[in-house]
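Once you've looked at the hints, dock chain B against the given chain A.
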Amino acid sequence: MSIIRRPMNRRSLLKAGAASGLVLATPTIISRSAWAETNFRNDPTNSKSVTFGFNVPQTGAYADEGADELRAYQLAVKHLNGDGDGGMLNTMKPLSLNGNGVLGKKVEYVTGDTQTKSDAARASAKRMIEKDGVIMWSGGSSSGVAIAQQSLAQEMGVVYMCGLTHSNDTTGKDRRRYGFRHFFNAYMSGAALGPVLKKEMGTDRRAYHLTADYTWGWTQEESIANTTEGLGWETVNKVRTPLGAGDFSQYIAPVLNSGADVLILNHYGKDMINSLTQAVQFGLRDKVVNGKNFEIIVPLYSRLMAQGAGENIKGIYGTTNWNWSLQDEGSKAFVKSFGQEYGFPPSQAAHTCYVQTLLYADACERAGTFNPVEVIKALEDHQFDGMGNGPTLYRGADHQCFKDVLVVKGNENATSQFDLLEVVEVTPASQVTYDPEIFGGELGPYKV
Amino acid sequence: MDAIVLQILNGLDKGGAYALIALGLTLIFGTLGVVNFAHGALFMLGAFCAVAFNHVISLEKVVVDPTKTTAWGTPLEIRVPYLESWLGDTGATMLNYSVPLSILLAIPVMLLVGYIMERGLIRHFYKRPHAEQILVTFGLAIVLQEIVKTYFGANPIPQAAPDVVRGAMDLGVVLGFDPGTVVYPQWRIVYLFFSLSVIGAVFAFLQFTTFGMVVRAGMADRETVGFLGINIERRFTLVFAIAAVVAGLAGVMYTPILPPDYHMGMDFLVLSFVVVVVGGMGSLPGAVSAGFLLGILQSFASMNEVKTILPGIDQIIIYLVAVIILLVRPRGLMGRKGVMET
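Going down the list, the sequences are from chains A and B. For the first sequence, full-length UniProt numbering begins at 1 and goes up steadily by one. For the second sequence, full-length UniProt numbering begins at 1 and goes up steadily by one.
Hint data in this document are derived by calculation from the structure and do not stem from the laboratory. Virtual Cβ for every residue (Gly too), placed ideally from N, Cα, C. A hint or two may mislead.
Which bits of chain B does chain A cover? Going by a derived footprint, with three or more residues having C-beta under 8 Å, they are [to be verified]: (1) 71 to 84; (2) 144 to 157; (3) 258 to 265.
Next comes chain A alone, as it looks inside the complex:
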């Protein structure tokens, strides 16, 4: 008996190679599928409920806005779980939610306090992710805070749906794959305001900027100046003011004899209330400069701020993301639900937070999983309607929503304490849409 060792020919080598490849690949295919379903942070598969985190300013200067955000989140959870009148679930299109929670799991929530401080917001969000096991969190009233939380979302692999943030940077140079913004931004404010300013104030104007000295103020100043200079206006001066300055008189006095005939207040919240009040007290609105009536512009308005500024806002132009007086079906449904629940209409902050919660929940239903990678893909380039701003696109390239923008002015004949803003124009989404590359930034990877 002899053993004859036969040399391996080319055909046998190929067969052996293919067989080995198949054997080696099989576990990979199986395991990848398994990872897709289970290997993500705070997977609620084995739980009867799913937990959302609502991180809003409960203390500090924006506490009232935070309280309104929280009311909206609570209402959204109620509607998701099938309680109440359903609000925007009756108008949202397309809709995959059916009022039995999300993917059959009851929605629960925990809350945190951002204090409108980046470090406090991050600490609070981290606690919600690690201790409370939230699958998604949302909220906030400041761009600095939103940007800090987006970075955390990317690090932790948990989706963050921004609250109120208006800086171009949020979905520009600081955009993140795990962060999504429904609220509009400073560029859009400028693009929407431009035509109205041209119509109301002409093309021969001299503008003076007072700007809050942080990321949101800088980007708004840049966007509005680009717009007004594009109209032919001259920018006389851009003065940065410290955040929370309180008394702005020393910054307003130089405006009087600067030759400017328009004052643009790139301030928000308490700063806006104080600077506008004081500008009006200095008689700026009664002045005639260069043969024209002196005008004040507040590019970003909110109803809560308008309440703080009182009568001083009458006739002053600005933009807002949404206003409760809108008459589309989505807005009416939301105002009705919110008004019946709390006795007063919602703010724009409440609206954006409510919508963000429904959009995330709907994306989970469409993706058929809570896996953030699939949910992110479901949100990217998603088109929807019936949520108060007309047909809207959640652009995949930068996670910014593109929708109609409202140009408003302080109501001259308010009929109630809430009837403070008059919508003068609804600027279509196409007019405020821009190339995602103009602000730079990278979203980062899906898998972290």
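Then chain B, alone, in the frame of chain A:
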């Protein structure tokens, strides 16, 4: 030149508020030896006396109109202030003068608050180190802030000046400049004169009354006054209450300038302490002079011409001046020998 005049006016105006707060702080420190970090909160409480007064006199009669509904489907409520429906034009005038009228509420309220604070808390810390006094009064300030926030919310609440002084005034004509070059808010001018009047009244009280004489004697040498059989403690309690009233009045009249919110006291507190230190711990004229001086310097530092040469100087000017003055004159501008030197 007109820009300089405007900034001087701004500085005097701001300085008026600093001086009033610093005056109270110095009175308390000079008499009781207590470093009161709750003094900013007293300024804030005064401002909220104006808000509360306005809320009370604006109480409305609510009539439901069943024929109309709100946007959320509930019957529309029509609101009319009781005062206006009861007193007609007189009621409307009272609503218009709400801020100055609220002084009538603020004086007794602040006297009471000051008395309770001193008897209930501060007196237990007379012989404790300054660090402990600072901690406890700072804690008290936070408690007062949170109470106000609970009742009034976190948003600023605007208070209007009376119609007659609501607009701006052309001072250019009065001061010899071209018309329209020096335009200044009328209420701020009212505030400046108000603060000067209160400062004058406090100095007159201390200078020309027996009570004031005893207090001044107590500030100079507490033990000797005690040896003379005078109950200095009781008088100092009243001094604390008076200091609370001064801070409260400063807050009441500031509400049309800065819509009050629960945090406004903290914004003024730190600057007022710098004013006290620069003026000289325990020196009343020092506190007033430093208040106006730092107010004016802060305004000038915010001018565009200055900021072009020294960017950011408006943020640090007060602290920079404080450092320089303390290096040159460690006791401050008018500080007394021996105060805070042991």
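Hint check:
1. With a threshold of 8 Å between beta carbons, the proposed coverage of the segment 71 to 84 of chain B by chain A holds, since 4 of its residues qualify and at least three are required.
2. With 6 residues having a Cβ less than 8 Å from any Cβ of chain A, the segment 144 to 157 of chain B passes the three-residue criterion, so the hint holds.
3. With 5 residues carrying a beta carbon less than 8 Å from a beta carbon of chain A, the segment 258 to 265 of chain B meets the three-residue requirement, and the given coverage holds.
When each numbered hint is compared with the structure, no violation occurs for any of them.
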